[in-house]
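K.L.:
Below, each chain spelled out in residue letters.
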Amino acid sequence: MAYFFKRYHVPGTPPGTLNITAPESRIPLKMHLVDYTEQEYLEKELATAEECHEYLERKSVTWIHIQGTIDRDTLTGFGKLFGLHTLSLEDITNLGQRPKIDSFEDQLFVIMSLPAISENVVTIEQISFFLGKGYVISFHEGESDPFTPVRNRLRNRAGKLREKPADFLLYLLLDIVIDQGFPLFESLGEDIEALEDELLDSPGKSTLEDIHNLRRHLLLLRRMLWPQREVINFLIRNDQGFIDEKTIIYFHDCYDHAVQILDMLEAYRESTTNMLDVYLSSVSNRLNETMKVLTVIATLFMPLTFIVGVYGMNFSVNEQSPWAMPELRWYYGYPFIWALIIAVAGGMWLYFKRKHWW
Amino acid sequence: MAYFFKRYHVPGTPPGTLNITAPESRIPLKMHLVDYTEQEYLEKELATAEECHEYLERKSVTWIHIQGTIDRDTLTGFGKLFGLHTLSLEDITNLGQRPKIDSFEDQLFVIMSLPAISENVVTIEQISFFLGKGYVISFHEGESDPFTPVRNRLRNRAGKLREKPADFLLYLLLDIVIDQGFPLFESLGEDIEALEDELLDSPGKSTLEDIHNLRRHLLLLRRMLWPQREVINFLIRNDQGFIDEKTIIYFHDCYDHAVQILDMLEAYRESTTNMLDVYLSSVSNRLNETMKVLTVIATLFMPLTFIVGVYGMNFSVNEQSPWAMPELRWYYGYPFIWALIIAVAGGMWLYFKRKHWW
Amino acid sequence: MAYFFKRYHVPGTPPGTLNITAPESRIPLKMHLVDYTEQEYLEKELATAEECHEYLERKSVTWIHIQGTIDRDTLTGFGKLFGLHTLSLEDITNLGQRPKIDSFEDQLFVIMSLPAISENVVTIEQISFFLGKGYVISFHEGESDPFTPVRNRLRNRAGKLREKPADFLLYLLLDIVIDQGFPLFESLGEDIEALEDELLDSPGKSTLEDIHNLRRHLLLLRRMLWPQREVINFLIRNDQGFIDEKTIIYFHDCYDHAVQILDMLEAYRESTTNMLDVYLSSVSNRLNETMKVLTVIATLFMPLTFIVGVYGMNFSVNEQSPWAMPELRWYYGYPFIWALIIAVAGGMWLYFKRKHWW
Amino acid sequence: MAYFFKRYHVPGTPPGTLNITAPESRIPLKMHLVDYTEQEYLEKELATAEECHEYLERKSVTWIHIQGTIDRDTLTGFGKLFGLHTLSLEDITNLGQRPKIDSFEDQLFVIMSLPAISENVVTIEQISFFLGKGYVISFHEGESDPFTPVRNRLRNRAGKLREKPADFLLYLLLDIVIDQGFPLFESLGEDIEALEDELLDSPGKSTLEDIHNLRRHLLLLRRMLWPQREVINFLIRNDQGFIDEKTIIYFHDCYDHAVQILDMLEAYRESTTNMLDVYLSSVSNRLNETMKVLTVIATLFMPLTFIVGVYGMNFSVNEQSPWAMPELRWYYGYPFIWALIIAVAGGMWLYFKRKHWW
Amino acid sequence: MAYFFKRYHVPGTPPGTLNITAPESRIPLKMHLVDYTEQEYLEKELATAEECHEYLERKSVTWIHIQGTIDRDTLTGFGKLFGLHTLSLEDITNLGQRPKIDSFEDQLFVIMSLPAISENVVTIEQISFFLGKGYVISFHEGESDPFTPVRNRLRNRAGKLREKPADFLLYLLLDIVIDQGFPLFESLGEDIEALEDELLDSPGKSTLEDIHNLRRHLLLLRRMLWPQREVINFLIRNDQGFIDEKTIIYFHDCYDHAVQILDMLEAYRESTTNMLDVYLSSVSNRLNETMKVLTVIATLFMPLTFIVGVYGMNFSVNEQSPWAMPELRWYYGYPFIWALIIAVAGGMWLYFKRKHWW
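Protein chains in written order, with the working numbering: chain V, 13 to 370; chain S, 13 to 370; chain E, 13 to 370; chain W, 13 to 370; chain R, 13 to 370.
No incorrect hints appear here.
As the list makes no split between identical chains, a pair holds if one copy fits it or if it spans any two.
Below 20 Å or equal to it, Euclidean Cα-Cα: the simulated PhoX-like pairs (lysine-lysine) are:
id	residue 1	residue 2
1	K92	K145
2	K217	K365
3	K92	K172
4	K71	K56
5	K304	K365
Keep in mind that the hints were calculated from the coordinates and are not lab data.
Since the structure is predicted, the reported quantities are computational estimates derived from the model, not experimental observations.
Input sequences plus hints: build the corresponding full structure.
P.N.:
Now the structure itself:
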């Protein structure tokens, strides 16, 4: 997950220029149409944008989901058919957008971020939605379709879900996108708890690296998740009346989830800041321990080495002088020196004992 | 107290799905009905939701308290009887919710967090309330019933309390939940003061661990207590008119308590941040002390060891040369060396004295 | 000054329960009544609440000041006489309240914090006020009466002051409470400057302790002084019309003082944060100095000790071999070694000189 | 990029005084006029301000771009011709202004910052715009003209672009200025990622320097880029009606870009703060590693040196005493000492092994 | 520049009490009157407040500037003549006020802070203004008159400036006060850049002291400069209509300057925070360098000293045993030991080389 993960145009490019993914890195395109009323239900794979023309005039809810990399012609085809603004089409192709909502005369255009974690790597994919009278169009340039559960529920349950208008379908889709945060943060929460144990037990270089990586992920997630709250809030305020009064309570629920996720994000961020501070203190603590070992050893052996050094001097060659190291010639000289050594070492030991150095 | 302590559904689950606790970890269910007017007072243990049907039409205040883990049937039973929204029922079962308030046409739905501390472990339990015309329903999936004092007071005092409408009962219940913060923060305040004494006297590894744990608790408490202020504030604004004008002054009192608790929380948080900084400085200070001991010892004995090393050289084997360590053959050579040693040691001692190293 | 300094009820206590100080720690009670118009002035010590009954109906300003610990009967006596709300009476007895203002139909209830510093210990006492039509009641559970200057001025000057209504009297009292901040912060400012000098000259363990204590005091003062600004602001907004238009300019002045004090508080807080950072850097700096001394000594004497160690080897016992330490048998061997020692020491000295180590 | 990069007047200079660049550091002046309607298109190099007089009355969009250092006469010439406020003219010459927007009766005056990066040096140049009825004037005291792409597009495409009014031209110019942030932040993002790798692998003095420089650049960029968001926001609010309703959606797009750039700026800033913390921990970690090496060496060799020192003592000169170092005279004395040395070294090795020191 | 630099009254002093500077530290008083219309211009030194009476009734703009310490009689003289509020007069004498604006019925009262830097010491002086119908009064208790340029311009240019009303004169005076920030921050900006160079090249104790002083100055400047923005903003909002519509654009310019100065202040503050962090890292870095030198020396010489210590043992006295240090008696024993020493030293050297320690 890089710091800069936005696709953009060279400054000066005309507004509305599409930024189509280069052919070699394209994800195969699948266009799926679902059309339903309370009684009827229909699914269809689309080959071109024009095929969905006939479903638009019917009094049903039409949902077109475009999975994979769209090509220029198909995108402009949809643009013409539904009257989509060129700036919105440009935003769909410039991946890495900040989540946002634009309201046009007869459409809402929503960009969301779909976070995912797999094998400790966090990824964020862009999902775009158009909500119009009786239809929802969703674009997702990613490998796997996140909306399969919705399609299953629409297919199976005849009743309730299919009675509701297109804005309720938008709610169902946005709800899935936002709820992806729960498993993600559950996983990150476990990582933090594991790191905290490591931090106090045995902080090493890899602990520091892990904390730093975690912070980095949280920083980038934050950039993508905060604006989502604003998007849902805009839908709740519902100034343009795109959302039915009965659906708004559901968006409130969605908003609560977004806020809970952000609460966790902020708590995690603060917690990792603390961890860096604690890490530094831990390392300083261990440095102190290391230094104490060194100091004890040096303090113990330096005086002793000095003592034995004294009696290594060769003054005894001067055999005439009674002042030339008479100790060497004492009968109990050697045992006396050992007694001295033991006394000095014992004194040191008592000194460190009193200083609580072990 | 874990970082992630929310129960949630797999993304894509239909809205309103209940998340019933697995049978093995259920807490035994107790449903208690209290029904009172100024003159009458009645208590009853309920077996099913339907039993409370008869009390609903009477002009009394009905309070149903559900303690323990509710099962799916009973919960949907209450849902149908009182017309509760399925999203609210879902929130009751998804424990670990952020405190919030939802207002429906004829009901208020409130989620609160009940903090508690026992043996240095902080726990947070979820309590949910419905306030409707003439009734309050409270749900608490926990071991011990926090509302016993209210029930006692209702039972004993015929007068004042029983005259008041259902919103006053809600105030009494919320007040208990919020006031739990006072004993909690009194206990945490004592912990902080004990830690501060330890911090400056004898900072050790366990001090760091304690500070870190305290910060973690405060961080998680904050996540749960801040939204409670908003909940009470919403009740005071009273846009839907669920609260009687005369009760509002009591909710003001409740709000003041919530704010005082948050004030303490923020002061504690900041104080523990300071403690981490002071800890680091303290450890650095002690490292410096350790290093000074080492430096003094090394500076004292290294020159002395060098001196005695010099006279350990064997140049005296060359007995022909007058230049071959003539000191060894001086009459007062050995005492002279001791004088030199004492002079060097004394000089060092004066140097460190002047540098205020002890 | 403890982190938790609030008196509170056990959760579940009925609202309006008084929390009277235990008899053994009571401060003797003094109740002082002042009643004045432009022409007349009267002072009286009260024994019971009822004695002030007669002054209430007169068209004068009545000020009742209660100094010391009030007992239950007297407090409820005042409560009945002036129609005070039971929640307000509870707040008067629950010391350690956050400053706040409550407005009732015909009364304002204000709680303020009176900070004081004596011998480096900061204390905060609670002062409560009721402002009603023609009267002010003030409660202060403390040893010394802070309002003596006001009483003196009322007594002495017949004119101006006594013309003004009861809200001006409230201003005079609040102004004294807030202006206590100036001498307090003047004293703290001097402490900070003294600490800063110490910090850069000779940072020791006591410096750290002093900075930490200062921060702690500022933290707790902040908790009490920020809400006072809100209280005065509420009085200036004057939504209920308790304050005369002509008095408002005086409350503006009071507000300016409160803001100045908070400005200083925040500046002091930030300044002490800086001091902690500087302290850590200072300690690290001194550690580096200590280490340099050690390194210089070790680097100087270790090679020399090695050299003299070489010539302490006993290879000369092998008198047959010309390879067995021939240096020992050189005529100028010993002076040569000293030359070597001096050369090595000089080289080291030049090396450290070039590295600017002294 | 200096901290203080504003050109200003001595305090007390009359408002509206021009601050013309000294002749020696002037950039050659080029004045370019473009005048177009849907059908027609005209380009012209201007020599004086008066030459553009004739184009003002026509119903076309006139764009005058002034590249390089303007002289006093030409600037006041434009001032008179278009009725520009003297304070705005002063702002054009006082380079290093904060981006801002001023609205006059019939003109908008906009100041923007054009950031650029070349060879790791970030520069910020000031660009000023006037938007009036049917004309845009742009001033840029810089070497290279950033608006060449706009001119090319106007020249080539007859249709769409040329239909739009002058406010759309302003959008095109502002869009280029703001979009310069994308390549800039892409480049900075790569720098940050490179630094992060270095930080954990091999943090050195140059890493610290690089982090500090990056922070400094971000700090200064922030000062210039935050107000640009406000400028665009002001244009969107469109209180004076200078902007056509159809153009506003384009300014929304522009605003989104500005917000995305600020989001990245803040994320980068926070990320570099983290890096400083991680750096400090890394350095402490490495200090600990260094100390461990020292401690292991000292702990290993100091006891051994003591042991061999003992047997370097000359007590054996006293050949009469059986207590005078009898070990020296043992048959296996020397091998025994080696065994002792190896045992001590091995013991130490096991001790460090158990402490996980390598 | 002290932390506490406010002059204040003892709590309990009556509102409106003047706080006149003690005679010994008074600055000589100069009262200067300027009275002008478009055609006429008059200057006069005043001896008493009453002398300006005659100019008040004329339809001219009257500006009275009081430089130095005013005495009680003169100040109350002005107070009576112009109807100034006693609280404002008190504020004029209580130096060290926070910048603020008070609006009375027919007057505006403004307090500003005049920052100045001379020889690295920042000072802040208080300037007060009254704006009334046709007059401005300014008070400055300082040595040097900052408004000389305005007086010169009024004297010299007959036209434009003199046409404008009194509020434009207030703008000219406030503009000078605010623009003093530019040279001040230019000077501080240079200090910061010099410190940054020092910081990375050779951080010493004085660097730390300089950073700390700089932070302190910025902290205190902030306390005084932030409220000035609010003052100007209040004038722009112009709720009381004291400011002419045509003058407002000039106050906007003034506001822009105030904001630019605050932007710089905040950037400088953040930059010095960074510098403290970088300083700590730099010191740690250098500590590490010091430790490496020590470790290399110790690691190199300790094993060598051990080796030569071994051959300093006196086992050779036992001439009977073939195990008693046979190496000493080898023919090439001594060269062999040197080879060993060189091999060990070389091995260490390679080890450190591989670890990139030099």
